[in-house]
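Trainee: Protein chains in written order, with my numbering: chain A, 2 to 155; chain B, 6 to 227.
Heads up, some of the hints might be wrong.
DEER-style ranges, computed between Cβ atoms [unchecked claim]: (1) B/169 - A/9: 34 to 42 Å; (2) A/107 - B/169: 36 to 44 Å; (3) A/11 - B/43: 18 to 26 Å; (4) A/20 - B/68: 27 to 35 Å; (5) A/13 - B/65: 49 to 57 Å; (6) A/5 - B/34: 42 to 50 Å; (7) A/18 - B/43: 32 to 40 Å.
It should be emphasised that the hints constitute simulated quantities derived from the structure, not laboratory data.
Ideal Cβ placement from N, Cα and C applies to all residues, glycine included.
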Amino acid sequence: MKTNRSIITRMSATISKVENLTGLYALLVVVVIVLGLVTLPSITYYDDQLYEKTLNPASTLHPYDRGGVPFGTTPVKSQYPENSPYAGYVTTYLTPFSQWLADTTHHMGTTIVAHPGGIIDEILYNTRGFDTVVETSILFVAFGIASYLFRRET
Amino acid sequence: MFNLPTTNIGGQELFVLEFGDIVAYFSPYTTALFVFALIFTALAIVSRPEKQMDIAFGGDAYYAKVVDPELMRFQRFMAIACGLATLGAMVTGDVFNFTLFASLVGITNIGIVAAYRNRHVLNAAFQYGIVAMLATVPLFGGAAIVVASTGTLSMWELFTGAVAVPLIAKAFLVLGVMGEGMAPFYVAKAEITRAQGAPFILMVHVSSLLLFLRVAEIVISM
Numbered sequence: 002m003k004t005n006r007s008i009i010t011r012m013s014a015t016i017s018k019v020e021n022l023t024g025l026y027a028l029l030v031v032v033v034i035v036l037g038l039v040t041l042p043s044i045t046y047y048d049d050q051l052y053e054k055t056l057n058p059a060s061t062l063h064p065y066d067r068g069g070v071p072f073g074t075t076p077v078k079s080q081y082p083e084n085s086p087y088a089g090y091v092t093t094y095l096t097p098f099s100q101w102l103a104d105t106t107h108h109m110g111t112t113i114v115a116h117p118g119g120i121i122d123e124i125l126y127n128t129r130g131f132d133t134v135v136e137t138s139i140l141f142v143a144f145g146i147a148s149y150l151f152r153r154e155t
Numbered sequence: 006m007f008n009l010p011t012t013n014i015g016g017q018e019l020f021v022l023e024f025g026d027i028v029a030y031f032s033p034y035t036t037a038l039f040v041f042a043l044i045f046t047a048l049a050i051v052s053r054p055e056k057q058m059d060i061a062f063g064g065d066a067y068y069a070k071v072v073d074p075e076l077m078r079f080q081r082f083m084a085i086a087c088g089l090a091t092l093g094a095m096v097t098g099d100v101f102n103f104t105l106f107a108s109l110v111g112i113t114n115i116g117i118v119a120a121y122r123n124r125h126v127l128n129a130a131f132q133y134g135i136v137a138m139l140a141t142v143p144l145f146g147g148a149a150i151v152v153a154s155t156g157t158l159s160m161w162e163l164f165t166g167a168v169a170v171p172l173i174a175k176a177f178l179v180l181g182v183m184g185e186g187m188a189p190f191y192v193a194k195a196e197i198t199r200a201q202g203a204p205f206i207l208m209v210h211v212s213s214l215l216l217f218l219r220v221a222e223i224v225i226s227m
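Please take these sequences and the hints and turn them into a complete structure.
Mentor: Structural data, given as structure tokens:
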């Protein structure tokens, strides 16, 4: 029986093993990455980036220097400025709770939650705030799985 | 406020939800997928685990399998989380946001299958975990190539004819979703469908199917 097996039989026998699927997928990734390396020279970098980042090695804040003037106005680019009317305002960092705290008491300025962020926070919390929520959910779910597996008996 | 640039694939927009630069949209296509995911999330919330019987062949004897409440609760939590991630991935209007939701779906799928104690099921879950982790490289790499070559991530801009997305970015996106949505292969191979806690495993299939349908729409429209 083993001698004259067709190519389709042998292929399906290989794929039917769970352990081989990882290798198959890795092979696919390698093929596409090689294709990507071949076509890479034809891709040009678009200069007018929406979420731009400039590195200034001379700065003392080097990798974290995101530009902008402290306590001045910093222009923030966004795809749909009409959806982020408060971009660039320090008060846009307030969470609903700290907003409530600021509305009802005078102690908001003394708490640690009142710290203003840099330009990176502006992008993460204002124009792309939904991404931040999803990223934290990924971490939360991963932590949930790990803690369940660690804490169960046997 | 907006108009979907290509109406021939998803149809006309019905409703738009704005989260800053991330503008989720409901076209007839995405709404259909959203409602489908919503129904299965509701089913995962209300359904009870199967009580299974093993019949000893050739006799009258049968064993009733014990349902572990803790395992059931964890799987239900993961199934609901998977449903919510699928809901997000169906309607999001941003490429990076879509990749985030896709990897969230992958992680929750790992959670559903990793909770078992059977050795062969855990082996399959381990293999799937490797693929899902490997798949994040092309997935986020695709989004990175999109933003580098076009300067934007919003599907509203990318779907217009003026913006050309490189083919390799689309290939990376499809490859990444393939890896994250590979779970049904392992579920079928390890025969987890009829294992303990059966109804919640369906979410693995539903989420993978919907992810593939959605990435097809995105890649064709771009």
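Trainee: Hint by hint, note whether the structure agrees.
Mentor: Outcome of the hint check:
1. Here the CB-CB span from residue 169 of chain B to residue 9 of chain A is close to 39 Å, well matched to the stated 34 to 42 Å.
2. The given range of 36 to 44 Å is broken by residue 107 of chain A and residue 169 of chain B, whose C-beta atoms sit roughly 55 Å from each other.
3. A hinted range of 18 to 26 Å is violated for the C-beta pair residue 11 of chain A and residue 43 of chain B, which are about 43 Å apart.
4. Distance hint check for residue 20 of chain A and residue 68 of chain B: the Cβ-Cβ separation is about 30 Å, which falls inside the suggested range of 27 to 35 Å.
5. For the hinted restraint 49 to 57 Å between residue 13 of chain A and residue 65 of chain B, the CB-CB distance of approximately 39 Å leaves it violated.
6. For residue 5 of chain A paired with residue 34 of chain B, a C-beta distance near 48 Å keeps the hint of 42 to 50 Å intact.
7. Judged by the Cβ atoms, the range 32 to 40 Å given for residue 18 of chain A and residue 43 of chain B holds: they are separated by roughly 36 Å.
Checked against the numbered hints listed earlier, the structure breaks hints 2, 3 and 5; every other hint is satisfied.
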